[in-house]
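J.: So the chains spell out like this:
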Amino acid sequence: MPYVQTINGRIHPEQMGVTAMHEHLLWGPYGWEYDPEWLLAMPKVVEKCFNDLVDYRNEGGMTFVDTSGVGLGRDIELYRMLASASGVHVVASTGFWAQRGVAPYFQVKDLDYHEELYVREITVGIGTSGAKAGIIKVGHFRTGITPWEEMHFRAAARAAKRTGAAVTTHGAEHAERHTEILLSEGLAPERIIVGHLDSFHVADIERDKRLGRRGVWLAYDHATTYRTWSPMHYTTSDEWRADQVKAMVDAGFANQLIISADVNSVSLGWQRSAPYVGKTVVGDLLRLFVPKLRRVLLDEELIHRLLVDNPRRVLPIQA
Amino acid sequence: MPHVNTVLGPIHPSQMGFTAMHEHVLWGPPGWEYDSKWWWSMPRVFEKCSTDLVDFRQLGGATFVDCSGIGLGRDIDMYVTLARTTGVHLVACTGFWADRGILGYFRVRDIDYLEELFVDELTKGMGKTGVKAGIIKVGNTSKQPMSALEKLTYRAAARAAKKTGAAVTTHGITAAREQFQILRDEGLDAERIIIGHCDAKYALDLERDKDLARQGAYVGYDHIGIEAWSPQPYGMPDSERIELVQAMLKAGHRDRLILSADVNSFSLGWSTTPLHTVGHLLRYFVPAMRAAGIDDDTITHLFVENPRRVLPMQ
Numbered sequence: 001m002p003y004v005q006t007i008n009g010r011i012h013p014e015q016m017g018v019t020a021m022h023e024h025l026l027w028g029p030y031g032w033e034y035d036p037e038w039l040l041a042m043p044k045v046v047e048k049c050f051n052d053l054v055d056y057r058n059e060g061g062m063t064f065v066d067t068s069g070v071g072l073g074r075d076i077e078l079y080r081m082l083a084s085a086s087g088v089h090v091v092a093s094t095g096f097w098a099q100r101g102v103a104p105y106f107q108v109k110d111l112d113y114h115e116e117l118y119v120r121e122i123t124v125g126i127g128t129s130g131a132k133a134g135i136i137k138v139g140h141f142r143t144g145i146t147p148w149e150e151m152h153f154r155a156a157a158r159a160a161k162r163t164g165a166a167v168t169t170h171g172a173e174h175a176e177r178h179t180e181i182l183l184s185e186g187l188a189p190e191r192i193i194v195g196h197l198d199s200f201h202v203a204d205i206e207r208d209k210r211l212g213r214r215g216v217w218l219a220y221d222h223a224t225t226y227r228t229w230s231p232m233h234y235t236t237s238d239e240w241r242a243d244q245v246k247a248m249v250d251a252g253f254a255n256q257l258i259i260s261a262d263v264n265s266v267s268l269g270w271q272r273s274a275p276y277v278g279k280t281v282v283g284d285l286l287r288l289f290v291p292k293l294r295r296v297l298l299d300e301e302l303i304h305r306l307l308v309d310n311p312r313r314v315l316p317i318q319a
Numbered sequence: 001m002p003h004v005n006t007v008l009g010p011i012h013p014s015q016m017g018f019t020a021m022h023e024h025v026l027w028g029p030p031g032w033e034y035d036s037k038w039w040w041s042m043p044r045v046f047e048k049c050s051t052d053l054v055d056f057r058q059l060g061g062a063t064f065v066d067c068s069g070i071g072l073g074r075d076i077d078m079y080v081t082l083a084r085t086t087g088v089h090l091v092a093c094t095g096f097w098a099d100r101g102i103l104g105y106f107r108v109r110d111i112d113y114l115e116e117l118f119v120d121e122l123t124k125g126m127g128k129t130g131v132k133a134g135i136i137k138v139g140n141t142s143k144q145p146m147s148a149l150e151k152l153t154y155r156a157a158a159r160a161a162k163k164t165g166a167a168v169t170t171h172g173i174t175a176a177r178e179q180f181q182i183l184r185d186e187g188l189d190a191e192r193i194i195i196g197h198c199d200a201k202y203a204l205d206l207e208r209d210k211d212l213a214r215q216g217a218y219v220g221y222d223h224i225g226i227e228a229w230s231p232q233p234y235g236m237p238d239s240e241r242i243e244l245v246q247a248m249l250k251a252g253h254r255d256r257l258i259l260s261a262d263v264n265s266f267s268l269g270w271s272t273t274p275l276h277t278v279g280h281l282l283r284y285f286v287p288a289m290r291a292a293g294i295d296d297d298t299i300t301h302l303f304v305e306n307p308r309r310v311l312p313m314q
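Order-wise, the sequence lines are chains A and B.
Counting along the first sequence from 1, when you hit position 231 you're at 231 in this note's numbering, and nothing is skipped either side.
Counting along the second sequence from 1, when you hit position 78 you're at 78 in this note's numbering, and nothing is skipped either side.
No lab work stands behind these hints: they were computed from the structure.
What you were told as hints is all true, and nothing was included just to trick you.
The list that follows gives simulated cross-link-like pairs (lysine to aspartate or glutamate, EDC-like), each with its CA atoms no further than 20 Å apart:
no.: 1; chain 1: B; residue 1: 37; chain 2: A; residue 2: 47
no.: 2; chain 1: A; residue 1: 246; chain 2: A; residue 2: 301
no.: 3; chain 1: B; residue 1: 48; chain 2: A; residue 2: 47
no.: 4; chain 1: A; residue 1: 48; chain 2: B; residue 2: 47
Which chain A residues stay away from chain B? Per the calculated CB distances, all over 10 Å, these:
no.: 5; residue: 1
no.: 6; residue: 126
no.: 7; residue: 164
no.: 8; residue: 185
no.: 9; residue: 186
no.: 10; residue: 201
no.: 11; residue: 251
no.: 12; residue: 252
no.: 13; residue: 279
no.: 14; residue: 288
no.: 15; residue: 297
no.: 16; residue: 298
no.: 17; residue: 318
Simulated coverage check for chain B against chain A, where a stretch passes if three residues somewhere in it have a Cβ under 8 Å from a Cβ of chain A:
no.: 18; region: 29-43
no.: 19; region: 47-58
no.: 20; region: 78-89
Note that beta-carbon positions come from the ideal geometry of N, C-alpha and C, so glycine has one too.
Full structure from sequences and hints, please.
T.: Right, here's the structure in full:
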């Protein structure tokens, strides 16, 4: 029976409720844990993450998917504590962001190793914590897909096939190519979430429709970020984003859409992320973006589908 | 090989360093986790505990033994995060405080169940966390006859200690001799027993302490820093505690003294969070011992050597 693997154990898909599918509690370049600054700042880190989760829950949120992955801020004991105290279901991910975010140790490992690593984190546990990952994250940098990145996409697809976990991606610049890699490994399209399609610098609604026709999930997951204050190249506005979602609904893809906010509750010293930390929080997905979506969709059932039904169909581990 | 079960895994006894043997990170009556107030103040709770432990470490502290036990505030996920981020070796305990701190679920169990519970927590892990306890705490209500349930927990503790090699640390000073007797009757070696709270103001008895030490038990003067500010009946000036320590040293019991501060870094609604923190041991008490003429070698002996002998799982 399908189940969701939270860091505090399995839950039934019905328990998921409103789900943010692409978020980060902690996000930092590998090596962050050797900076004593973060250890000393830990009470502040705890407070920020806790407040964000409680706020999210008060706004109606129930499940939070952390897509940080191996070495990039993911801190299982801290996540467990935050999940227990806030009452939010936190799902951790295995896998990596782009090659430049991969610790040297994993840079030299081959496809088989990575497949086993992801399978192990989903079925046995993450490190010595005993907590298991609930989804696989893969990505590439915006300049192109490196051979290493192609390798980890393939490893993710194989691990997903073996475990029943979904794969969620980063790298809208080559969304169709990386989707092709995953599909070529025989992974079913309904187990693939193509992320960051609302990256403004490469936005292409025709591309999104082509992907939609392949049967994959389409994620508009930079909600709440605005060009006016964010230094990131991919941002635009929630109004534009809502229009994109509306266009995809009109084109008949409502059952394949995912919305999320890709917020770092705390950025652990990643230079470009640092300036806008704290500007928005995951609760703003529900507080700010959903009202804008409501204005163009004019359909409460559709909102429910995007926030609850769609995540419930894709996130659970198929077993 | 002897080792210390910290919440982050086993360490070698030589890694223990300056050790506070009877403390609490969190301390609350059973049921505290159902009070939504504590969820909401969790960041504040974490900050207080983190600050106290970092302070302890910066003063030279290395190991902190949490004597809260089952249902009494012990929060393993938080303890693990605190240990990782403060660098202090945190040891959690299995067992209970006194009768009225024992959850209903455990009150109806027999001795075999309790023994197995303690053994499981020491050898397999507490709850589903996989984190192992490092010592057994048992207690009784002071100034009252020991209840049947309390006697049961002492006997179960002795059996679990024999099986696992863990030490037993106690609460409930007015029954000190009875505690010792029950544990010994179950066949537990005297040197695996720490009789706690022997510096309770209302039950000072130097002859009792010497007698226990002569028989091989460790004597705990573990209310250090609980002075005039405290509403507790067991508080008294540290200077009087130092007199007790000196008397025991003079009687030749340097190997049998355990010193600690019995702080609650955060009290979850049982009593108010005390004014002193575990840093008091190093910031005020050690200098006061020096000023009273106790030499550094002896101070090291009491805070480092004695814990290193009694705490590790044998």
